[in-house]
Amino acid sequence: MSFISYLINGISLGSVYAIIALGYTMVYGIAKMLNFAHGDVIMVGGYIIFTFMSTLGLSPILSVLIGIILCTLLGLTIEHIAYKPLRKAPSLAVLITAIGVSYFLQNMALLIAGAESKSFSSVISVPPLSLAEGRLTISGETLVTIPLCIIIMVSLTIFVRKSKTGRGMIAVSEDKDAAVLMGINVNKTIAITFAIGSALAAIASALMFSTYSNLSSTSGAMPGIKAFVAAVFGGIGSVPGAMIGGILLGIIEIISRAYISTQLGDAIVFLVLIIVLLVKPTGILGKKIQEKV
Amino acid sequence: MKTKILNVNKSMGSNLITIGMIVVAYTVCQTLIATGSMTNLLKNLLVAMCYYSIMAISLNLTVGILGQLSLGHAGFVCIGAFVGAFFSKVTISTIENTFIRFSLAILIGALSAGLFGVIIGVVVLRLKGDYLAIVTLAFGEIVKNVINVLYIGIDSKGVHFSMSDTASLNLEEGGTVIVKGAQGISGTPRNSTFTIGVILLILTYLIIVNFINSRSGRAVMAIRDNKIAAESVGINITKYKILAFSLSAALAGVAGVLYSHNIATVQSTKFGYNMSIMILVYVVLGGMGNLRGSIIAAVLLTFLPEYLRFMRDYRMLIYSIVLIAMMLFNWAPACINWRKNHSLKSYINAVVRMFKKNKKEA
Amino acid sequence: MDMLSVKNLCISFGGLHAVDSFNITIKKGELYGLIGPNGAGKTTVFNLLTGVYKPDMGQIILDGQNITGKSTIEINKAGMARTFQNIRLFDNLSVLDNVKVGLHNDNRYSTASGILRLPSYFRTEKSMNEEAYKILEVFGLEDEAKHHATNLPYGKQRKLEIARALATNPKMLLLDEPAAGMNPSETDELMETITRLRKLYDITILLIEHDMKLVAGICEKIFVLNFGMELANGVPQDVLNDPEVIKAYLGE
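One line per chain: the protein sequences are U, P and L, in this order. For the record, in the first sequence the residue sitting at position 44 is 30 according to our numbering, with numbers rising by one throughout. Take any residue in the second sequence, note its place counting from 1, add 363, and you have its number in our numbering. Take any residue in the third sequence, note its place counting from 1, add 159, and you have its number in our numbering.
Quick caveat, the hints were computed from the structure, so don't treat them as lab data. Since this is a predicted model, take the numbers as computed values, not measurements. A few of these clues could be false.
Result set (BS3-like, lysine-lysine): computed pairs, CA atoms no more than 27 Å apart in a straight line [said to hold, decoys possible]:
id : chain 1 : residue 1 : chain 2 : residue 2
1  : L       : 330       : P       : 590
2  : P       : 452       : P       : 719
3  : P       : 452       : P       : 406
4  : P       : 602       : L       : 330
5  : L       : 213       : P       : 491
6  : L       : 213       : U       : 266
7  : U       : 162       : P       : 590
8  : L       : 285       : P       : 602
9  : P       : 491       : U       : 74
10 : P       : 590       : L       : 315
11 : L       : 229       : U       : 266
12 : U       : 18        : P       : 590
13 : P       : 708       : L       : 315
14 : P       : 602       : L       : 213
15 : U       : 74        : L       : 315
16 : L       : 213       : P       : 590
From the structure, some residues in chain L lie toward chain P, with a derived Cβ separation under 7 Å [claimed, not checked]:
id : residue
17 : 235
18 : 236
19 : 244
20 : 245
21 : 247
22 : 249
23 : 250
24 : 256
25 : 264
Ideal placement from N, C-alpha and C gives every residue a C-beta, glycine not left out.
Please model the entire structure based on the sequences and the hints provided.
Take a look at the structure:
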């Protein structure tokens, strides 16, 4: 029974990774850059929701909504100031900038909120579900997280395939120059992608901190990196891939923490990344890209 | 054939300037110490400046010369620090000559870090760009996490390892625990001196510069500039990538040995992502591919925060702004235009034009 | 004697036959032109010959040595060097160092002797410099030896690419549109240079070119590729007057 409980926790954590991974995978697919600061947007989202809910006493739903709006604005600002001027720069320069932004957000949060970590109270008030005569309990957070992740995934897939903006995104990801010739505003498309990614980060942040209540300036970095691992695992650029990768990674992490070593949980996740990149660098659902000579 | 000066070592002059700068700085510091006018605070930083400089120039070999971003450089420093400290603690009673023992510790620390560099390089260097960066980060974290739970003890039967606690080492009576998990290694002989640090810095610098200006270094830079063209003239891409990467790792190991012999206790948590980023800041601020710049940046950023209060409080924030600002300054189109219009050369030209104009009018 | 003999070379990308049963025999010392409309598969042929792509079928023999399926590096060592349609220089290296990278495999000393500056380092570097300057002089680039490759004007960058390829001491040289983007006088100069280096280095050349003046002017034989297949093959006056070739170039 404990195995099933671990499995469910793994799927729940994996769903959060999946939502974060979406932000990575869409930005990577469209802007061809690794937005290293994505994980830290989650941390900022956590602080925003925490401030409105616990300090100012607003309702959880309103706090999360404010969190979504402010994170979206943050994502757009980062893109505009730090990434947009570097569209034609070498990828090394863009990556270093993104690392700078990530580091900036972390240390800004540290200065404003202090080194002491905050205890985030859950935004979810769904009662836990008791199964098999009380031997298996599923938390309210899990009951919300998993369906919400599926809803986001499905609606995002429909948005990308059916809407004009979504098809513009596909076009930009396939060929930026050709997209310009077809009358697509590349800058706007990339900005929208960042906005969606950051809004999702805020949702992920509400879900993640509701389960793992510890909120500090660095608590976004590790989930962020793991979600990137998940995005690579599923095949970078692929929306369903992010979901599969996220959930698999969540399960691997929880199970290995339970049965192998608590302290080495992160190391094992990284080992998975290395193995995936060596065996199938394009991920489970990724496409092969050939360099043109 | 026209007679050309076949200048084999074209950058000799530049190297001498760098080494001269280090020697002058060293002499000034020694004079200050001798006359008693150096504060203890600064004295304590001298060795640190050396090892941070070594870390910076060794990372510059990977980032500036090989053109690959490594976010796990602290992992190699960590390996060097632990292996070196372990060696010194184990041999402290058998090798009594400090010079020989410390030299061997440095050599062994460098070799182990270099060996890890080869292993990680084989894995990592098949990937490119962003993937490579994230995997080096992963390796750095794995090294840190594994050493953090590692226990090693020694008794008459040999070396015992454990990943859980001291008790499970099953040491016999009289055995000593050397590596104590999260507590790391303590009581390493404090052999690192400023003089040794400076000598090691100059040696590391010469190794890197000579490597860059040799056949192998040219091959590495050719791969950086254009991999496909390098292959087309028969350059073995994998071999030279791994060569540069592991050399960089080995030299980071040297910095690690210097580090662990400078302080009483060395713990693996010190060598995390934050340290890797800090080294990257030195490289970026000093200019990628510019070794002298790396050294200056490392020294300044070690020195300044201790003296300027605001630099101490906002140290990390300043690092992050340095990273972003340097990249925008170098690559944003608006900044490139600004630099073109405000370069020293353009001012000189403007002045020259003004003079010419005045002449005509006169 | 045959320098290059290619039999029945094929490759397809996702169902598209990019190169379809390509056959060519080039004699030692010959200068062969490979022409054809855009998208005919000319550069793909070069990529197959140099091991960038592995052929689905066929055989490539270079000077009696089977190089089919070998890696780019092995093929270069076997004696084939090339230039690229979109110039690929080592931008941040000096002009001299670009050529010295080409000399890499024939002038060896260990990494350790480079770092320790042992006598073999100085000896080899000196002879490499002499040889590199000799090659640069053929192309009139010796005065720019210390410049960054990226600062050279376009025409000189193309020449430097040829110089670098030549530095690997090849038996056979593949030139991918060497005159692209050059003005008529630069093209004339290039033709003169190619003729001269054939005399100096006794080298076999296969070149892709759109400039018909250059092709008709210096090539001894011409191969016309269309939709990945052979359209014509022979001496210039026959090939260039072939109604099929004219049709392929000018349309119906």
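Name the hints, by number, that the structure is in violation of. As far as the earlier hints go, 2, 19 and 20 are violated by this structure, in ascending order.
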